[in-house]
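Visitor: Sequence:
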Amino acid sequence: MRGGIPICFPQFGNCGSLEQHGFARNKIWVIDDDPPPLPPSDYNGKVYVDLLLKPTEEDLKCWPHCFEFRLRVALAMDGNLSMISRVRNINGKPFSFSFGYHTYFSVSDVSEVRIEGLETLDYLDNLHQRERFTEQGDAITFESEVDRVYLSSPNVIAVLDHERKRTCVLRKEGLPDVVVWNPWEKKSKTMVDFGDEEYKQMLCVDAAAIEKPITLKPGEEWTGRLELSTVPSSYCSDHLDF
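Numbering follows numbering that gives the first Met the number 0, in which position 218 of the sequence shown is assigned residue number 217; successive positions increment by one, without gaps.
Think of the hints as simulated: they come from the structure by calculation, not from any bench.
Predicted model only: the values in this text are computed from it and were never measured.
Accuracy of the hints is not assured; some may be wrong.
[Said to hold, decoys possible] Lysine-lysine pairs mimicking BS3-like chemistry, simulated, CA-CA at most 25 Å apart:
{"id": "1", "residue 1": "K53", "residue 2": "K216"}
{"id": "2", "residue 1": "K186", "residue 2": "K199"}
{"id": "3", "residue 1": "K211", "residue 2": "K92"}
{"id": "4", "residue 1": "K92", "residue 2": "K53"}
{"id": "5", "residue 1": "K199", "residue 2": "K164"}
{"id": "6", "residue 1": "K188", "residue 2": "K199"}
{"id": "7", "residue 1": "K26", "residue 2": "K53"}
{"id": "8", "residue 1": "K199", "residue 2": "K185"}
{"id": "9", "residue 1": "K60", "residue 2": "K26"}
{"id": "10", "residue 1": "K211", "residue 2": "K53"}
{"id": "11", "residue 1": "K92", "residue 2": "K216"}
Whole structure, please, built from the sequences with the hints as guidance.
Guide: Below is the structure:
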């Protein structure tokens, strides 16, 4: 079963020695009863939970770095969902990692969906050995398998679903890259946890840090934020603050 927003840490994809997308997404997190404070804007008028992940002995065998990963998941009165990740190095030496909010969107028909905000950007194409290309379209549309990492992206991306008459708006901080993925028909049939026809109603648009890994010195902390909201489908990039 696939869906939701898996946390990809300390590795995104298979670009490293760890399991696909790292180990954080498969771990049991604990409630963080006493998290370090965040600005009032991150909790006023919101319902939220603070979670904490620390490495186990098994984790340290495959990735020998001590860290504290704090995650706040918040839901606002208007339905906006926000996630704030804070990774602190409590190791005695620097370490580097990649990261992604692996966000699955439910869409009416992926062939009728378009993504705005990634025009003219360079991207790494995972279907062509991570070769670098430049986006030529005025928006991203779908008619075959897509697996790309868009680089140096803006902090606001729009996913327009005309049939559902809505636009999903992705806002991010601390995450320069955007991954766009849909397995399409052929690959869907090879995935044991994915229905043969499910590619038609899904799309992943991930706020991420992949091309240039994040490096933390001992005691340093990194923060990556994601906010998801929906607006009427008449909205497009011209109405958003890119």
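Visitor: Under the criterion that the straight-line Cα-Cα distance not exceed 25 Å, is the pair K53, K216 satisfied?
Guide: Status holds; Cα separation ~17 Å.
Visitor: Check the hint pairing K199 with K164 against an upper bound of 25 Å on the C-alpha distance.
Guide: 17 Å, holds
Visitor: Please work out if K92 and K216 have their alpha carbons no farther apart than 25 Å.
Guide: OK: K92 and K216 at ~6 Å, within 25 Å.
Visitor: Starting from K199, check that the Cα of K185 is at most 25 Å away, please.
Guide: 12 Å, holds
Visitor: Check the hint pairing K186 with K199 against an upper bound of 25 Å on the C-alpha distance.
Guide: Distance of about 12 Å is within 25 Å: holds.
Visitor: For a C-alpha distance cap of 25 Å, please report whether K211 and K92 respect it.
Guide: 19 Å, holds
Visitor: Measure nothing beyond the straight line between the CA atoms of K92 and K53; if it is 25 Å or shorter, mark the hint as holding.
Guide: Given pair K92, K53 holds - Cα atoms ~17 Å apart, limit 25 Å.
Visitor: Under the criterion that the straight-line Cα-Cα distance not exceed 25 Å, is the pair K26, K53 satisfied?
Guide: This hinted pair holds, its Cα atoms lying about 10 Å apart.
Visitor: Run the distance test for K211 versus K53: straight-line Cα separation, threshold 25 Å.
Guide: Judged against 25 Å, a Cα distance of about 24 Å means the pair holds.
Visitor: Just to be careful, I want the Cα atoms of K60 and K26 compared with a cutoff of 25 Å; is the pair within it?
Guide: 15 Å, holds
Visitor: Does the alpha-carbon distance linking K188 and K199 stay inside the 25 Å limit?
Guide: Judged against 25 Å, a Cα distance of about 13 Å means the pair holds.
Every hint from the earlier list agrees with this structure, and none is contradicted.
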